[in-house]
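Peer 1: Chains as they are written, first to last, in numbering that gives the first Met the number 0: chain W, 0 to 417; chain R, 0 to 540.
FYI, nobody ran anything at the bench for these hints, they're computed from the structure.
Treat the hints with care, as some may be off.
Below, a sample of chain R positions facing chain W; criterion: calculated Cβ distance under 10 Å [claimed, not checked]:
{"id": "1", "residue": "P123"}
{"id": "2", "residue": "R179"}
{"id": "3", "residue": "I401"}
{"id": "4", "residue": "I433"}
{"id": "5", "residue": "K495"}
{"id": "6", "residue": "T499"}
{"id": "7", "residue": "L534"}
In this text, a Cβ means the ideal position worked out from N, Cα and C, and glycines have one as well.
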Amino acid sequence: MKFDTIIIGGGLSGLISGIRLSKQGQRCVIISSGQSALHFSSGSFDLLNTLPDGNSVNNPIEAIEELAKQAPTHPYTKLGSNKFSQLAKEAENFLKEVGISVKGDARKNHFRMTPMGTLKPTWLTLEDHMQGENADRISWKKISIFNVTGFLDFYTQFIVDELAKIGTTCTTYLINFPALEHLRKNPTEMRSVNIARVFDNQENLDEFARQIKAENGDCEIIALPAIVGLSRKDAVTYLQKEIGKPICLLPTLPPSVPGIQVQQQLRARFQEAGGVFMLGDIVIRAEKEDNRISRIYTNNHGDIPFSGKNVILATGSYFSQGLIADTERVYEPIFDLDVTFSSNREQWYDRNAFAAQPYQTFGVRTDKDFRGLYKGEAIENLYISGAILEGFNAIKEGCGAGVSILSALYVADRISSK
Amino acid sequence: MTQHETTKPFDVIIIGGGATGAGTARDCSRRGLRVLLVERFDISTGATGRNHGLLHSGARYAVTDQESAEECIKENMILRKIASHCVEETDGLFLTLPEDDIQFQSKFVDACRQAGIRADVIDPKDALKMEPSANPNIIGAVRVPDGAVDPFRLTASNIMDAKLHGAEVLTYHEVTELIREQDRIVGIKVLDHKTKETKSYYSSVVVNAGGIWGHNIAKLAGVNINMLPAKGALLIFGHRVNNIVLNRCRKPADADILVPGDTICLIGTTSSKVPYEEVDNMYVTPEEVDLLLREGEKLSPQLAQTRILRAYAGVRPLVASDDDPSGRNVSRGIVLLDHATRDGLEGFVTITGGKLMTYRLMSEWTTDLVCKKLNVTVPCTTASEKLPGSRENTEEISKKIISVPLAQRNATINRHGDMADKFSENTPLDNSLICECEEVSVGEAKYALNELDVNNLVDLRRRTRVGMGTCQGELCACRAAGLMSNMKKACTKRAKADLTSFLNERWKGMAPIAWGDTLRESEYTAWIYEGVCGLTSSSKE
């Protein structure tokens with residue numbers, strides 16, 4: 000099977016470079032094992048919230064020069080300040096073009112609501128999610144929060160108490176929804192995605208709207224856990240129209256309905272642009288010729304190799320198994336690329352669970368162009384993007400989505416400008 | 000800080016909420032004494048909750064310590080009767096590997112029989128049929144009546160019985176002072192960790208059942224007990240590899256026991272002396288992990304492919320013999336010290352040494368001594384009267400709670416024995432699961448919160464196994480925290496602080512073994528709680 004570009008990994012990063020290259024007329028394939036980090040999304044994309052030294056970032060674009068001093072191998076440091084701000088701008092436009100409505104600006108972080116009711120800085124937030132400009136207040140004084148009976152992955156009390164601290168009064172309502180009865184009977188089934196499937200049904204959504212309309216008091220806005228809009232993007236708009244009040248979503252514990260929705264949408268755009276998406280397949284090994292990846296073999300396709308002019312590796316970090324740790328080392332399982340890690344296992348961790356964990360910054364080494372290094376030398380046609388990269392702590396720095404998106408756009412540009 | 004005086008005196012105050020303290024509270028209260036038990040954290044937080052959970056047959060001690068072996072087999076038979084809901088009758092095998100001396104086997108069998116322990120030599124082929132996970136290269140096998148015991152459940156039901164007989168139990172109360180009048184201890188001062196208040200309680204006798212921490216409690220009385228902290232590290236595996244306890248048939252050594260328990264199994268232990276100052280901060284080192292794995296795989300090669308859930312270490316309260324100030328001559332048996340005769344200090348008794356298996360006997364001896372001091376002659380009933388949870392037929396209970404889904408019903412009965420009949424009124428909402436790995440429902444968590452002295456998430460884990468399964472508390476911790484705040488058991492601020500402590504506690508056990516899937520889960524947990532939920536260590540109070 001011959002392609003222009005083979006992309007390994009169907010998460011945020013792989014999909015974005017896939018769409019970008021397909022739209023430019025390249026013939027692309029994405030080989031995806033299935034779940035990605037989008038399945039536990041918060042409904043927002045972070046660019047850069049905190050520097051490695053712990054100082055918080057207000058304007059990510061201005062912070063890149065300082066970041067470069069503190070984190071010399073950070074993907075953003077490799078891009079450099081100018082490229083970073085150019086790509087951040089492009090990313091904002093890109094998402095709009097593919098139909099993902101977000102709000103936010105790389106020159107100023109805004110704030111999103113966490114499931115614990117706190118406000119956390121971020122870059123872009125899905126339009127139907129609660130967000131605000133400030134860390135210490137939101138635009139509404141009276142909110143009605145609805146939950147459905149038996150859904151344990153969303154606790155309104157956390158949100159009520161936190162918002163009370165910043166002067167917003169919440170009233171909570173619990174809806175005993177008859178169509179969810181069969182889910183409740185099986186105790187493991189009351190999860191966000193299963194509930195969202197029920198609300199994908201028009202009649203159920205109408206009934207939900209009717210119940211919310213019947214009792215929401217004199218609130219300015221209605222807040223719901225993100226349990227609607229799995230397959231229909233317009234669920235919130237529809238509810239707003241039916242109820243006649245603004246509605247916003249709040250994130251739940253995983254799985255993330257909005258995250259899965261985003262992934263489905265990106266995948267659809269990729270396929271519309273002519274891309275081939277191979278779901279549930281895993282790359283087993285690769286062959287090299289003259290310092291180029293020549294063939295790739297997968298689980299489902301046995302002896303039939305994939306070959307392409309270029310390859311993008313976007314397989315994620317440990318959770319997605321782009322990186323694998325055993326008792327002695329951290330390695331990249333497909334190409335055995337150079338990975339930065341400490342040889343003393345005790346140095347992988349901090350004893351405090353909430354401290355920066357060194358293992359988080361381990362990852363694949365690349366050259367300036369994000370080409371993967373093998374024994375110190377860059378492989379000619381192998382580009383690396385997303386969470387598998389070395390040099391950053393996605394959680395502590397709040398930069399996971401940003402690294403995935405920006406590195407994807409960057410490697411796509413490198414490939415198309417060849 | 001406020002001073003709070005309680006005038007009503009107790010007959011006996013017991014310091015320490017491990018198995019021995021709980022057992023002593025049960026025994027004393029059943030004999031009609033007015034009892035107060037104080038514990039600085041939660042019940043079973045010390046060595047009680049940090050061991051194999053092995054229902055020793057005594058076979059392990061038969062060759063080296065006949066006395067301990069005899070005590071073990073007697074208590075083993077008693078616990079099967081009085082604590083059936085905490086015990087799993089698995090049996091045990093003592094395996095001889097090619098590298099071990101097969102001559103030891105006959106010596107071992109003789110010693111077992113002499114101590115009254117049934118020991119059947121069986122053909123290695125038959126042993127492998129009984130326990131297919133055992134090392135196929137074994138050259139000898141002996142079957143003994145070992146089993147598995149859940150120390151959390153055992154301690155909790157001792158506490159429950161003590162309370163049913165009028166005992167008062169204060170967890171999160173740390174003893175700061177022993178109140179002394181001339182040559183007599185007459186009470187204690189405690190710091191209530193929740194309210195930060197200091198309180199005084201008075202009694203005729205104070206029992207020091209503080210395990211390794213008994214060393215410091217004795218110091219408060221101006222009495223010296225020469226304790227030698229011995230650290231023992233263990234690994235918990237993510238599924239139940241073996242159904243029969245596997246031991247090495249040789250002199251006791253490192254990592255030679257593999258015990259099944261609920262859905263998991265445990266290998267241990269190492270043994271190393273640690274300075275007394277470190278007993279509150281036991282970390283498992285990479286060397287200990289490697290040693291446990293290396294030796295464990297010899298008992299059951301399957302362990303090499305089995306995921307490790309968690310590593311932890313306990314501290315055995317070994318006591319140096321009184322006549323040997325060098326501390327080299329260590330007693331592994333039960334040590335009951337009457338400080339009146341030993342140190343001329345009335346009203347103060349220390350119970351230490353021993354082992355989980357002999358907690359009941361230790362409690363009986365202690366209670367006998369307390370009763371003698373108080374001129375009480377009521378006999379001990381703890382060897383014959385069943386513990387709460389073990390009193391009714393579980394099949395009957397299962398019928399009573401038939402509305403609870405099957406897997407959950409079995410898990411609940413397994414954990415709470417006949418107390419599971421509390422769930423007969425469960426609504427469908429109570430049947431919602433908080434923890435999928437361990438089948439913990441909303442109803443079960445509510446029961447634990449209302450009736451089992453649960454103060455925080457880690458306590459809840461000890462009562463219900465929330466967060467003990469393969470995911471190690473990924474989502475269930477947050478659900479449980481939410482439930483606690485919904486039930487007004489904790490304000491949301493405390494619930495969050497609690498969640499932070501819970502996650503830190505989990506990480507302490509995971510960091511020593513965080514590679515492979517465990518590292519994947521750790522990364523995922525960090526994503527959820529720090530990334531999505533925005534939880535930070537400053538969420539702590």
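Peer 1: State the violated hints by number, sorted upward, taking the hints as numbered earlier in the document.
Peer 2: 1, 2 and 3
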